[in-house]
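Peer 1: We have chain A already, so just place chain B on it with the hints.
Listed in order, the protein sequences are those of chains A and B. Everything in the first sequence is counted per our numbering, starting at 1 for the first residue and increasing by one. Everything in the second sequence is counted per our numbering, starting at 1 for the first residue and increasing by one.
These are calculated hints, taken from the structure and not from any lab test. Note that the coordinates shown come from a computational prediction; the quantities given were computed from them, not determined experimentally. Some clues are possibly wrong.
If you only want the chain A side, here are some residues facing chain B, beta carbon under 10 Å, derived [as the list claims (entries may be wrong)]:
hint	residue
1	TYR22
2	SER26
3	SER30
4	SER31
5	GLN37
6	GLU41
7	GLY42
8	PRO43
9	VAL44
10	LEU45
11	VAL50
12	GLY97
13	GLY103
14	ILE107
In the SDA-like style, the derived pairs of lysine to any residue whose C-alpha atoms are separated by at most 25 Å in a straight line are [as the list claims (entries may be wrong)]:
hint	chain 1	residue 1	chain 2	residue 2
15	A	LYS102	B	ILE60
16	A	LYS56	B	ALA95
17	B	LYS57	A	SER26
18	A	LYS70	B	GLY96
19	A	LYS56	A	GLY82
20	A	LYS102	B	PRO105
21	A	LYS102	B	ASP71
22	A	LYS102	B	GLN41
23	A	LYS102	B	LEU109
24	A	LYS102	B	GLY42
25	A	LYS102	B	ASP1
26	A	LYS102	B	LYS57
27	A	LYS102	A	PHE10
Beta carbons: idealized from backbone N, C-alpha and C, even for Gly.
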Amino acid sequence: TQLLEQSPQFLSIQEGENLTVYCNSSSVFSSLQWYRQEPGEGPVLLVTVVTGGEVKKLKRLTFQFGDARKDSSLHITAAQPGDTGLYLCAGAGGADGLTFGKGTHLIIQP
Amino acid sequence: DSGVTQTPKHLITATGQRVTLRCSPRSGDLSVYWYQQSLDQGLQFLIQYYNGEERAKGNILERFSAQQFPDLHSELNLSSLELGDSALYFCASRAGGSETQYFGPGTRLLVL
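Looking at chain A on its own, in the form it has when it is part of the complex:
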């Protein structure tokens, strides 16, 4: 069974600060996806990383896929209140659907 561990589980910081969220596994994934979910809504895809060592940027968000394709990180620069939400990483490559981490609940305080 493939497992994804996300850390931290909860994070509350002030507007303007930087943060990093981690997604780790002992399994190799063919790709890893990051989603953001708001209360009562479905997860919205932010990015898919495929190649080991790949770095993708989405405005103030930087996503990195580990060289061995077992882990990933999401770095947010100068966080804003609009970044508040549940951030989920999900690994693909097994016979089943995506394997999700339990998520990081992020709160950015004005």
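Peer 2: Below, chain B without anything else, positioned relative to chain A:
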């Protein structure tokens, strides 16, 4: 808007009852996935269909079943409902050649 639609948005029912959740995938997507999200378990994969055929099963209970119709919409049937089945149920669709899944807005099920 992901292009995936789900109905109903909310559903309240009693224990022992049966409900059907509906999902329409993005235009052209042949794969449909169903997931359950609860506070303690997070998002759990239930079942996948591809072009009408069951492709993979996850943590789906025997009381639950699904199907995908020729027009590619899918239905998830939940029967003999228990309090613990209260959760958000999401479907997602995927285009061929990509591992990216696009999620619908979900159905919130409350079993009383």
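Peer 1: Please verify whether LYS102 of chain A and PHE10 of chain A have alpha carbons no more than 25 Å apart.
Peer 2: Satisfied, since the Cα-Cα distance of roughly 11 Å is no more than 25 Å.
Peer 1: Between the alpha carbons of LYS102 of chain A and LYS57 of chain B, is the straight-line distance 25 Å or under?
Peer 2: Roughly 20 Å between the alpha carbons, so the hint for LYS102 of chain A and LYS57 of chain B holds.
Peer 1: Tell me if the straight-line CA distance from LYS102 of chain A to ASP71 of chain B falls inside 25 Å.
Peer 2: This hinted pair is violated, its Cα atoms lying about 33 Å apart.
Peer 1: What's the verdict on LYS102 of chain A and GLY42 of chain B, does the C-alpha distance respect the 25 Å limit or exceed it?
Peer 2: With Cα atoms ~5 Å apart, LYS102 of chain A and GLY42 of chain B stay inside 25 Å; holds.
Peer 1: Let me know if the C-beta of GLU41 of chain A comes in closer than 10 Å to any C-beta of chain B, holds or violated.
Peer 2: 6 Å, holds
Peer 1: Going straight from one Cα to the other, do LYS102 of chain A and ILE60 of chain B come out at no more than 25 Å?
Peer 2: 18 Å, holds
Peer 1: Should the hint that GLN37 of chain A touches chain B count as held when the rule is a Cβ pair under 10 Å?
Peer 2: For GLN37 of chain A, the interface hint holds, since the closest Cβ of chain B sits about 9 Å away, which is under 10 Å.
Peer 1: Interface hint check: SER31 of chain A, Cβ to nearest Cβ on chain B, cutoff 10 Å. Holds or violated?
Peer 2: With a closest approach of 5 Å, the SER31 of chain A hint holds.
Peer 1: Can GLY97 of chain A be said to touch chain B, with a Cβ gap under 10 Å?
Peer 2: Check passed: Cβ of GLY97 of chain A comes within 4 Å of chain B, closer than 10 Å.
Peer 1: Interface hint check: TYR22 of chain A, Cβ to nearest Cβ on chain B, cutoff 10 Å. Holds or violated?
Peer 2: Not OK, violated: TYR22 of chain A not within 10 Å of chain B, min 16 Å.
Peer 1: Holds or violated: LYS57 of chain B with SER26 of chain A, Cα cutoff 25 Å?
Peer 2: Status holds; Cα separation ~22 Å.
Peer 1: Would the stated hint for LEU45 of chain A survive a check requiring a Cβ distance to chain B of less than 10 Å?
Peer 2: Holds, because the Cβ-Cβ distance from LEU45 of chain A to chain B comes to roughly 6 Å (cut-off 10 Å).
Going through the hint list in order, the structure does not satisfy hints 1, 2, 14 and 21.
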